[in-house]
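Add chain B to chain A, keeping to what the hints say.
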Amino acid sequence: MAPARAAVRHLPRAPRAVVGSNVPRREGLEKLTGRALYVADLDVPGAWWGVTVRSPHARARILSIERDLGADGARAVVVTAEDLLRAGRDNVVHLIADDQPFLAHRSVEHAEEAVALVAAPTREEAERAAARVRVRYEPLEPVLDFERAETIHKTCAIDKGDVAAAFAGAARVVEGTYRVGHQEHAYIEPNGMVAWPRIDGVRLVRGSLQCPFYVHAALTRLFGEPAEAIRVAQTSTGGGFGGKEDYPDLVAGHAALLADACGRPVRLLYDRAEDMVATTKRHPGRIVHRTALDAEGRLLGMDVEVLLDGGAYVTLSPVVLSRAVIHAAGPYRCANVRIRGRVVKTNTPPNGAFRGFGVPQVAFALERHLDRVARAAGLDRVELRRRNLLADGETTATGQAVIDAGASRQALDAALKRSRFAATARAHARFNRRHAHLRRGLGLACFFHGSGFTGNGEIRLASEVALELLEGGRVRVLAAATEIGQGTRTVFAQIVAQVLGLPYEAVETVDPDTALVPDSGPTVASRTVPIVGRILADAARELDAVLARRVGRPPGRPWTRRDFAGAAALHLDAGGERRVTARFSNPSGQRFDETRYVGDAYAAYAWAAAVAEVEVDLTSFETRVLRVVAAQDIGRAIHPRLAAGQLEGGLTQAVGWALFEEVVARDGRMANGQLTNYILPTAIETPPIELVVLERPFAHGPFGAKGIGELPMDGGAPAVVNAIADALEIDLDRLPATPERIAAAWLAARPERRRA
Amino acid sequence: MRGDLAALEVLRPRRLAEALAALADSDRPCPIAGGTDLYVALNEGRAPARRFLDLSRLDELTGLETTPSGLRLGARTTYTELRASRLVRRRAPVLAEMAASVGAIAIQNRGTLGGSLGNASPASDPAPVLLALDAAVELAARDGRRVVRRRVPLDRFFIGYRETAARPDELIVAVLLPSSALEGWRYAYRKVGTRRAQAISKVVAAVGLELGARPRRIAAARIAYGSMAPTPVRARAAEAALAGRAPTSAAGRAAARALLAEDLHPIDDLRSSADYRALVAGRLLESLLGALGGFRPGLDD
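Protein chains in written order, with numbering that gives the first Met the number 0: chain A, 0 to 755; chain B, 0 to 300.
Isolated chain A (complex conformation):
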C-alpha cells in the first residue's frame, strides 16, 4: 500500500535492504530462552531486601513515626524524611515542578505515599520490621473528585481565529461532555531496582526503567553529588508503556537511600499489588466540546475544555496536558479554535505518562462528539469526517502547516475500504433483524499523533548518540534509548547497518548505562525512531565520511565488512577517534511559541483511522469486538513485523481501556489492585486486527520513519465505543464502556425498558 515515495535524504543505499526487512529481533532469543536477566533475576551477594511503608490515608498530618523494631532491630534499617534531611539529602524528586518528596515529610498528600523505608537481610525480616514502624496520622479531608478540585497544577490555552464570530454565524452548534477513567499500565514486570552503596565514589543503581538519565538526574539531586558519582544501568525490562518514565526515579532513590543507610546493596522489588496501587496511571479527564457547523457540515468553530486529574503532585502532568490540548481539535480543518486546558491536584497517587500521553483522552472525546455532531447535522458520520479532515499543507489548531496532513484522508479511505464499511453496515442491519438479543455495530475514528517531544522540547533536550568502532568491522550503538519490548535495539542496529551498508549482525547494541552512553533523552513520546534514530543515522553518515576519507574513497557507498574493518583499523592505528558522536540538529527547522501555543508543535505527525466492529449481547450487555481495522501512515516501517506488533499491541490496550479497565477507588485508595478485579483483555477478548500500513515518508525521519508507539492507543477506544453506540442506538459518553454503563444507557434511551 506504499504510495509514491518522495525523495528522502536517508533512503537506503545498501545492496541488501536491512531497513524494511524483518531481521531477527536483537534480544529475542535471550528472552525466549529465559536467559535475559530482569532486575529480580540479578544475583547480588549480600543484598538486603527493601520494603516501603505507605500511607493508608489520602491526606493526613504525620504526627510521629515510631520505630521500635524489637528483636529485629539489630538487623534492620529504617529511613524517614527526617533521617534524609538530617543527612543533608534533598528530599525532592527532580522532574518539572520539583514538588514531590522521596519520603513524605510532616504530611501525606495521597494514599500509598511513601512514608518510611525499611531494609533487612531477608524479605520476611524486612516485612516484620516494616510492620513495627508505627506512623501516627491525623487524617485530613482529602480532595478526591477532580471535577471539584481547585488547586491547579498547570493550565494552557490555544486560540486560533475568532471563535465568538464563528459561533455567532453557525448554522448549528453541538455540545457534549465526555469522561475517561484511569488506566493501569499492567506491564508484565513490576517496578524494581537494586542499589549499591557508594563504592569508589560511585553509587550504582540497576533496574527496570525507560529513562536512565531521568533516574540519574533524580539521584544526582537527591544526594547532591556530581554526575559522575551516580551510575544508572537498565536491566532487561518487561514493558513500560510510560509507567517506567518517571516512577523509577522514586524507586531508585528509595533503593539508594536504603543502600546508603545499611551499607549494603538493597533490592527494592514491587509485587503486582504494590505496583498497581502505588504507581502512576493514565490521567482521568473530562472534556467538554462545543462545536459550530455551517450548513454544509463544515467545522466553523471548536471550543474545547480539557480537564485532567493530575493527582497529588505535578510530576509529568504539565506536558501531558500540553500534548492533550494540542491534539484536542484532532486532525481536522477548523479556522476558529479555542482550547482551554487545566490539570488539577487531587489527593490521589500522581497520574503520569501512559502511551498516548493525553491524546487518547481527547481523541475519545472528539471522535465520540463527531458522531453526535453528525447525527445532529443529519450527516453521515463518514461524510462529516471526510469534509473536515486536513489536506496537505493545511494548518492544525496551533497554526502549524503540515505538509503531509492529507495522509489522514488516505488513512480514512484505506480503513473504509479494508473494512468494507458500507457493506458491513448493511450486513449488520440484516443481522440485527434476525437476532432478537444480539446487536452489531460499526464505529469509526480518525486520529493523529505528534512524534517526539512537544514544542521546543527536542531542541532543549539536544539529544546525543555515539557510534563506537569495535574489532572485526563491527560498530556499537551507544544511546540511552531503552529496549522495553518495542524493539529499540533491533531498529537502531538496522538503521546504522543500512546507512553504512554493513550487515545487520555487524552492529551491536547495549542496554543503556549512564557511565557508557551519551544522553539521547528518554524513551518516550514516540521519539525513539524519528528523533534518536535520525541522530543515529547522522552519526552513521559521519562515521562513513570519516572512514571514507581515511582510505580515500567517496562517502555514501556501502562497505563490505572486510573493507570496513580495514578502514577502521587504519583509522584507529593513525590515532583516529574510536567514537563518532552526533547531536539533535532540528532538521525540520521546527519552531514553537510555548507561551501562545502557536507554531510547529511537532516535527511530524503520524495519521490514522480505525474501524471497529462489535456485537453486544442484549442479555448481559457484554461487548465482543469482532474486528478492528486500522490504517496508519507511519512514514516508513523500519521493521515491519515489530511495527505491526506496536500497532496491534496499542489497539489491544485501547480495547482494554474502552471496555474493561477501571480503577475502583475507595477513600482515595485503589480497591481493585489485583489482576483478578482490574480487568485486562485476555486472548479471547483480543479481536482480530487488520492493519493497513501506509508509508508516506517523513523527510527528516530516518529512512522516512515517524513515531508509531503511541498512535494506535489513541483511536481504538473511540472506534469501539462508537460501534457500541451504533449497535444499540444509544449515547455513551464515558470510558470504560462496561456492561453496567451500556445497560444504563440502553435503559435511559427508552423509559419503557425500565421494568422488572
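The set of hints was computed from the structure by calculation and includes no laboratory data. Treat the hints with care, as some may be off.
Restraint ranges, calculated between C-beta atoms of paired labels, are given here [as the list claims (entries may be wrong)]:
#1 A:D144 to B:E261: 35 to 43 Å
#2 B:S68 to A:D144: 53 to 61 Å
#3 A:R171 to B:E261: 44 to 52 Å
#4 A:R433 to B:A196: 22 to 30 Å
All C-beta atoms, glycine included, are put in the ideal place defined by N, C-alpha and C.
The following block gives chain B in isolation, referenced to the frame of chain A:
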C-alpha cells in the same frame, strides 16, 4: 508472595480417618484441595491459617460414580474431570458446561467441587448449578474411632456469607446428585463474568425445568443464582410462579421475573452494581427459559 511461607505447617494425610482426626484436633488445620482460592490469599500475605490439611492424597475423595440413588462425585473432582467425564456429559451435561466456564485451564485442572462449596463464595460457579440439580453434600467427621457421615441438601448448606452448615471438624467428601433431578429435567446455565474467561462471576444463573407428562407445562422448576445474595441462592418465589405454566407463557415468565426480587439481594461491589445484577438476572432467566422451552426470549423490548 507476601508473608512467610516457612512459618506454615502442612499435614498430608493419606487416609480419610487421619484427615478427620486432624480436624478433630484443637489446633485445627484449614483443609486445602486445589488451593485456587487459598493461594490468592496466601499471595497477598493474608494466610487464613497457620496449619493446613492437604487433601491431595486422599483417594477416598475422588471418583465419579453411579449409585442406586443417583450420581456421586468425589469432593476432589476437578472441573477438568467434570468436562472430560462421559458419565457427567451424559447424565448432567450442564455440569460439564459449567466447568468449562471456570477460570482458565490451569484453574480447571486444580479447582475442585468440594473446595468451591466449602469456600462458600457467593460467586461460586458450581454452586448455582448444583442447587438447580438439587444436589446434597456428604460430610464426614470422626466420632471416636468411627467415621460418621451425614448428608446435607445444598439448599440448606449455605447459611451465611462464606458460612456453611458443616461443623469445623467435618470434611466435605462428596457431592450427591439425586436421580429424581436427572431424569425428566432439563437444565440451562450461564455465567456472566467480568470478561469471557479468567473471570469471577458478576451474575450466574442456573435453571432446571421438569416438563410434565402433558408437554408444554412446567411441572416443577428450580432456579438458582450466584453473586446475587450473600450466598448462592434458590429463587423459590420465581420457581413457584412458573409451576403449572407453559414455558412459552409470557405472563408466567413476567411473573417469575418480578418475583426474583424476593430471593435476590444484589449489592454494589468491585466487580459490578446492584442495578446491573438485578437487570441481568431477569434477562438471564428469560434467556435460559427460552433455551429450555424452545422459544425466542422477548428481550428486544
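Hint check, failures only
Every hint satisfied by this model.
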